[in-house]
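What follows is the residue order along each chain.
2 protein chains.
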Amino acid sequence: MNLSELPTPALVLDVERVRRNAERMQTRVSRMGAHLRPHIKTHKCVEVARLQTSAQSPSLTVSTLAEARWFAARGFTDLTYAVPIEPGKFEAAIELARECERLALLTDDAGIPAELNEAARVENVKLDLFLKVDCGYHRCGVEPETKEAFEIPRRIADASHLRFAGILTHAGHSYHSRSLEELRVFARHERDVMVELAAALRATSIPVPVVSIGSTPTISAVEHLEGVDEARPGNYIFFDAFQATLGSCRFEDCALTVLTSVVHRDSTRRKVVIDAGAIALSKDRGAVDIGDPDCGYGRVLDLEGRDLDLRVGSLSQEHGIVETLDGALFDRLKVGTRLRVLANHSCLTAAQHPHYNVLDAGLIVDRWLIQRGW
Amino acid sequence: MNLSELPTPALVLDVERVRRNAERMQTRVSRMGAHLRPHIKTHKCVEVARLQTSAQSPSLTVSTLAEARWFAARGFTDLTYAVPIEPGKFEAAIELARECERLALLTDDAGIPAELNEAARVENVKLDLFLKVDCGYHRCGVEPETKEAFEIPRRIADASHLRFAGILTHAGHSYHSRSLEELRVFARHERDVMVELAAALRATSIPVPVVSIGSTPTISAVEHLEGVDEARPGNYIFFDAFQATLGSCRFEDCALTVLTSVVHRDSTRRKVVIDAGAIALSKDRGAVDIGDPDCGYGRVLDLEGRDLDLRVGSLSQEHGIVETLDGALFDRLKVGTRLRVLANHSCLTAAQHPHYNVLDAGLIVDRWLIQRGW
Chain E
1 MNLSELPTPA LVLDVERVRR NAERMQTRVS RMGAHLRPHI KTHKCVEVAR LQTSAQSPSL
61 TVSTLAEARW FAARGFTDLT YAVPIEPGKF EAAIELAREC ERLALLTDDA GIPAELNEAA
121 RVENVKLDLF LKVDCGYHRC GVEPETKEAF EIPRRIADAS HLRFAGILTH AGHSYHSRSL
181 EELRVFARHE RDVMVELAAA LRATSIPVPV VSIGSTPTIS AVEHLEGVDE ARPGNYIFFD
241 AFQATLGSCR FEDCALTVLT SVVHRDSTRR KVVIDAGAIA LSKDRGAVDI GDPDCGYGRV
301 LDLEGRDLDL RVGSLSQEHG IVETLDGALF DRLKVGTRLR VLANHSCLTA AQHPHYNVLD
361 AGLIVDRWLI QRGW
Chain U
1 MNLSELPTPA LVLDVERVRR NAERMQTRVS RMGAHLRPHI KTHKCVEVAR LQTSAQSPSL
61 TVSTLAEARW FAARGFTDLT YAVPIEPGKF EAAIELAREC ERLALLTDDA GIPAELNEAA
121 RVENVKLDLF LKVDCGYHRC GVEPETKEAF EIPRRIADAS HLRFAGILTH AGHSYHSRSL
181 EELRVFARHE RDVMVELAAA LRATSIPVPV VSIGSTPTIS AVEHLEGVDE ARPGNYIFFD
241 AFQATLGSCR FEDCALTVLT SVVHRDSTRR KVVIDAGAIA LSKDRGAVDI GDPDCGYGRV
301 LDLEGRDLDL RVGSLSQEHG IVETLDGALF DRLKVGTRLR VLANHSCLTA AQHPHYNVLD
361 AGLIVDRWLI QRGW
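Protein chains in written order, with my numbering: chain E, 1 to 374; chain U, 1 to 374.
Because the hints were derived from the structure by calculation, they are not lab data. Be a bit skeptical, because a hint or two may be false.
Identical copies carry no separate label here, and so any pair may be met within one copy or between two of them.
Unchecked claim - As a list, the in silico SDA-like pairs of lysine to any residue whose alpha-carbon atoms are at most 25 Å apart:
#, residue 1, residue 2
1, 334, 26
2, 283, 121
3, 147, 292
4, 283, 369
5, 126, 223
6, 147, 314
7, 147, 370
8, 334, 50
9, 147, 204
10, 126, 15
None of the values given here were measured: they were computed from a predicted structure.
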């Protein structure tokens, strides 16, 4: 089957680009002396995880316990669940920890170590728990110079049924960079904050087994990773229009598109409607906040992946609207014409679909399941 | 199981409100002398469709062929696929039409009747085809005073393997109303445009079996439906924060919420992070374009459904950020505290989840599957 035959809308994964992105990041992180623990929230797919780890490492980062269960049952048994744990998930996490070689959880709350320790004691398991650190994103984590940044590791280290796994951060604010130089500043800061905190903790006799950092922009931009043990980028496996605008990649590295068909054309307004709407693309507004107000909800490409310089301007549930000021181009777009949309944010777009259609040398050669839900 | 025990994030359907919304719309449309053909894109769920139709009518509207297949296999065999048909879907639609009592398609393209007729002739089936009319939304449809509005029905009526099903519109622009009076103007216009076009077509000897209109706001606001045969509202079954802001319903009619847990609290910035992020809620910006710039990505309620006057201010994949200026309220929000989020747009939020957790008198009494994909 080829792209003219696949029913639309459909998620298309360019496997050659995925392989290239995987190898490049693997090489980059290895050369810098760190361990790659890719974040699979971007793809939620076992076959992609195997490409990311060269089928040689069981280490992944996950964003839900459902992902953890799915991957653990398929051989990935060294997992970090990278959202702060809360009491409603203790039971499920403990159950899962029994199935894994290692399931690390994380916290930034001073009350959680005692509560989690008690749950682990009752169930007679020992759990790995990271301190989540805020290196400037201000979403989750403790700030490194506060007393909690020292108290929480101490409480974990002293708890009978917990192991202090180390310190972990995510420089999500790097997504607001407006230049590669600014991105490098965020990247250095993410690393340095963590290396300094690890040193300060060690100076108070708290062993820090792992210093873990990660975001696709910062790992793509950072010059070295001295003092860092592992990196957890995720988006790099597909990249997307946002990352290309940010400078983490080139547009030709982007591996994920949505195949779509024109269902309506309006010659008065020179617009077409495609069958990729809010569900097929997600409503992520992309690079609008980093200085690309015209990014729309995705860039429109032809079947060969050439950029047509069109944007998906608005979305309803199953309709995407594409304005086409170029009259010659508009004339070529008939009802039934097929296009591809390079999504703004590949993580959110992938999560909208049941599976990837795997494109290799112009043919759809496989279908890979996406694990959704919680 | 109750709302304190259900793993989060989880989609919660208040079945009493769904029943009430279903009955109210059924009564309203019947009293106005029209047939209700609910649009199931809002819920994608067989059990909800049975409540909507009192399990007595097989007539539904769908937005994807996957929905059509799912519902047809479960007894709903009188379907309208309400997105313009394009050649890439002819084969699947014809296959499905054989399984249905009636599967109506729609077009607004002058070339489609001949192409579809040829496909139907080869397969020896006869297909029902509507003319999609633009009553002012300008998304799809032909404008009623153009020559296409007459030519396309004539081509359908003259085709050997097509039946002209009638005329169909959707006043999606009613979602931009800023007052109930403005909404009524849109509602009257949607109806009147269609009644007049039907009369004009009949005057040229084209029988118009069905005049079909529908959107939740216009059907909720319109004073009468004389000359209209069927109504296709969808969102009314759940309503949402957007519809309540628009005036189609009251907040206490909204039947769909996302149960969530606090995973992080930041006392410096007085914000909490919840485990309902962009995937659990969708990134629909809600009523921001109809004059509620502070609507955020959802309203935060307590477990009993009381509005806490908080909004989900920003979203990442599995994190929602809620700012809490009220210090006393912030003090009550601990890691593990459970909340409910009334989503901006219930259709998009529902489509993010694998199933509904059915809440009845404070207990989760059932789990109803959501049919996703294409």
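For this session: Against the structure, test the hints numbered earlier, and report the numbers of the ones violated in rising order.
Result: 1, 2, 3, 5, 6, 7, 8, 10
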